[in-house]
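Going down the list, the sequences are from chains A and B.
Numbering of the first sequence is given in this note's numbering, commencing with residue 2 and proceeding in unit increments.
Numbering of the second sequence is given in this note's numbering, commencing with residue 589 and proceeding in unit increments.
Simulated from the structure, these hints should not be mistaken for lab results.
Using N, Cα and C, we set each Cβ at its ideal position, and we do this for glycine too.
Wrong hints could be hidden among the right ones.
[Said to hold, decoys possible] Below, a list of computed lysine-lysine pairs in the BS3-like style, where the Cα atoms sit at most 25 angstroms apart:
1. Lys-127/A to Lys-5/A
2. Lys-704/B to Lys-676/B
3. Lys-163/A to Lys-676/B
4. Lys-704/B to Lys-56/A
5. Lys-610/B to Lys-162/A
6. Lys-250/A to Lys-610/B
7. Lys-250/A to Lys-163/A
[What the hints assert, rightly or not] Beyond 12 angstroms from chain A on every Cβ pair, some chain B residues (computed):
8. Thr-639
9. Arg-644
10. Gln-652
11. Ile-709
12. Phe-710
13. Ala-731
14. Gly-739
15. Ile-740
16. Arg-745
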Amino acid sequence: MATKRIGPQTVRFDRPPVIIGAAAVAGPEEAQGPLGHEFDQTYPDLTIGLSSFEKAERQMMIDACRLALRRAGITEKPPAVDYFLAGDLLNQLITASFSGLEIGVPMYGLYGACSTFSEALAIGAKLIDGGFADRVLCAVSSHVGSAERQYRYPTEYGSQKKPYAQHTVTGAGAVVLAASGTGPRITYCTTGKVVDYGVADPFNQGAAMAPAAVDTIEAHLRETGRSVEDYDLIVTGDLASFGYEMAVKLAADRNLRLAKNYRDCGVMVYDLSRQNVNAGGSGCASSAIVTCGHLLKEMARGRLRRLLVVATGALFSPTSFQQGENIPTIAHAVAVEA
Amino acid sequence: MTIREGTSQTTQQSLYRRMVLKAEPGPPRLRNAVMAFVSGGLVCMVGEGITDFWERVLRISHKQAADPTVATLIFLASLLTGLGYFDKLARYAGAGLAVPVTGFANAMTASAMEFKREGLIFGIGGRMFQLAGAVIVYGVVTAFLVGIITGIVRLVR
Numbered sequence: 002m003a004t005k006r007i008g009p010q011t012v013r014f015d016r017p018p019v020i021i022g023a024a025a026v027a028g029p030e031e032a033q034g035p036l037g038h039e040f041d042q043t044y045p046d047l048t049i050g051l052s053s054f055e056k057a058e059r060q061m062m063i064d065a066c067r068l069a070l071r072r073a074g075i076t077e078k079p080p081a082v083d084y085f086l087a088g089d090l091l092n093q094l095i096t097a098s099f100s101g102l103e104i105g106v107p108m109y110g111l112y113g114a115c116s117t118f119s120e121a122l123a124i125g126a127k128l129i130d131g132g133f134a135d136r137v138l139c140a141v142s143s144h145v146g147s148a149e150r151q152y153r154y155p156t157e158y159g160s161q162k163k164p165y166a167q168h169t170v171t172g173a174g175a176v177v178l179a180a181s182g183t184g185p186r187i188t189y190c191t192t193g194k195v196v197d198y199g200v201a202d203p204f205n206q207g208a209a210m211a212p213a214a215v216d217t218i219e220a221h222l223r224e225t226g227r228s229v230e231d232y233d234l235i236v237t238g239d240l241a242s243f244g245y246e247m248a249v250k251l252a253a254d255r256n257l258r259l260a261k262n263y264r265d266c267g268v269m270v271y272d273l274s275r276q277n278v279n280a281g282g283s284g285c286a287s288s289a290i291v292t293c294g295h296l297l298k299e300m301a302r303g304r305l306r307r308l309l310v311v312a313t314g315a316l317f318s319p320t321s322f323q324q325g326e327n328i329p330t331i332a333h334a335v336a337v338e339a
Numbered sequence: 589m590t591i592r593e594g595t596s597q598t599t600q601q602s603l604y605r606r607m608v609l610k611a612e613p614g615p616p617r618l619r620n621a622v623m624a625f626v627s628g629g630l631v632c633m634v635g636e637g638i639t640d641f642w643e644r645v646l647r648i649s650h651k652q653a654a655d656p657t658v659a660t661l662i663f664l665a666s667l668l669t670g671l672g673y674f675d676k677l678a679r680y681a682g683a684g685l686a687v688p689v690t691g692f693a694n695a696m697t698a699s700a701m702e703f704k705r706e707g708l709i710f711g712i713g714g715r716m717f718q719l720a721g722a723v724i725v726y727g728v729v730t731a732f733l734v735g736i737i738t739g740i741v742r743l744v745r
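Modelling step: build the complete structure from the supplied sequences, incorporating the hints.
Printed below as a string of structure tokens:
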């Protein structure tokens with residue numbers, strides 16, 4: 002009998018796992034954004050002195066892990082964690098797997114596109130509350146150079162982007178979860194279902210993902226009996242400005258008032274008026290660096306007590322959209338409480 | 589209009605798609621057109637200048653000077669791509685830089701640069717035409733069709 006399940010999509014943790022350490026590292030454009038001063042480490046250029054974007058992304062994930070482990074007081078090598086859960090956007094998860102080689106602990110590679118951050122937190126929390134692990138290291142990354150070349154055009158190709166297009170966030174976030182310790186706790190997680198609302202434009206991922214976010218938020222609130230106001234802040238991962246607008250509209254249709262305590266990490270990470278990023282950020286790192294770099298620190302400062310992180314993922318590949326398929330999307334919610 | 593649970597997936601999809609299309613911010617068409625007109629005109633002006641230059645330096649006819657002019661424009665566009673300026677210019681210039689031979693040069697050079705890390709064979713060799721390949725294929729097909737039509741018209745006359 003699954004006693005921790007409180008609804009078709011939501012589980013409640015009996016002994017809520019604790020976030021004992023977190024870190025965010027970010028690329029040059031993110032460093033110049035409004036949250037630039039919050040990141041634990043920033044890099045002056047996209048390749049960070051390495052020979053490819055892929056190697057740079059991997060180094061960023063390893064750096065984020067190292068910093069998060071240090072925050073958690075874990076200094077051994079290999080680190081004293083039971084599992085490493087990691088994911089990224091590149092084909093065959095090369096960033097996560099090559100980082101796993103470096104970290105050197107039992108690993109599961111995860112793919113949920115840009116929703117991987119909350120996917121990793123949810124699975125990590127389940128491993129701990131289920132009694133399968135005492136400490137879990139979760140990490141995700143994305144990189145504008147490596148993502149562009151895989152999903153879109155070569156970096157130096159000149160084209161005009163649509164105003165609702167998004168800019169992949171460069172960086173990585175890592176979290177150390179533990180069965181006990183001090184720090185904010187993961188109390189609930191709501192697993193999203195894959196939805197398809199008919200958007201097929203790969204440049205309009207925000208609009209494609211908005212219904213997934215609203216579905217998951219609605220399911221979370223229904224199954225936990227909570228309301229939007231019970232949270233100090235609800236953040237979606239990377240809907241960016243247009244997707245945010247669509248999410249607010251869709252939610253209003255379902256009598257959910259997402260207003261002043263609802264924000265989107267893709268909008269928060271850049272200064273949209275000054276930086277050339279169109280509608281805002283996307284990528285696994287969007288939710289990860291905003292949560293690890295900014296929101297968890299706000300919790301430590303006492304400015305936030307209850308946070309719902311809803312990372313959103315567009316589950317398409319260049320092959321699927323070139324063959325004319327719609328973009329299926331997903332969103333997972335994780336409740337973090339001080 | 590509301591999208592509720594329970595409505596069929598296709599209705600939900602078409603309702604949402606309509607909602608997105610209605611709210612979607614369109615590209616600044618007028619500004620893009622003006623920028624393309626001005627920048628495309630500038631590229632052509634520079635091209636004319638280069639043609640005159642080769643005509644004088646090489647002492648060839650205006651028509652013969654067209655070939656070295658195209659080569660020069662390709663060189664300049666590739667150089668700007670390599671130095672990292674082309675994509676920044678193209679963001680504003682749009683079609684003004686994409687339609688002339690400069691756009692073709694950028695598509696080739698950008699791909700070659702991007703994939704050089706995958707090596708000379710599978711990287712540069714295999715993927716240099718990733719974007720430009722379509723232009724070549726359909727350019728040749730169009731030229732072939734136009735050639736046939738011209739031939740037939742001439743025969744009939």
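Task: Index of numbered hints that the structure contradicts, given in increasing order - done: The structure breaks none of the hints.
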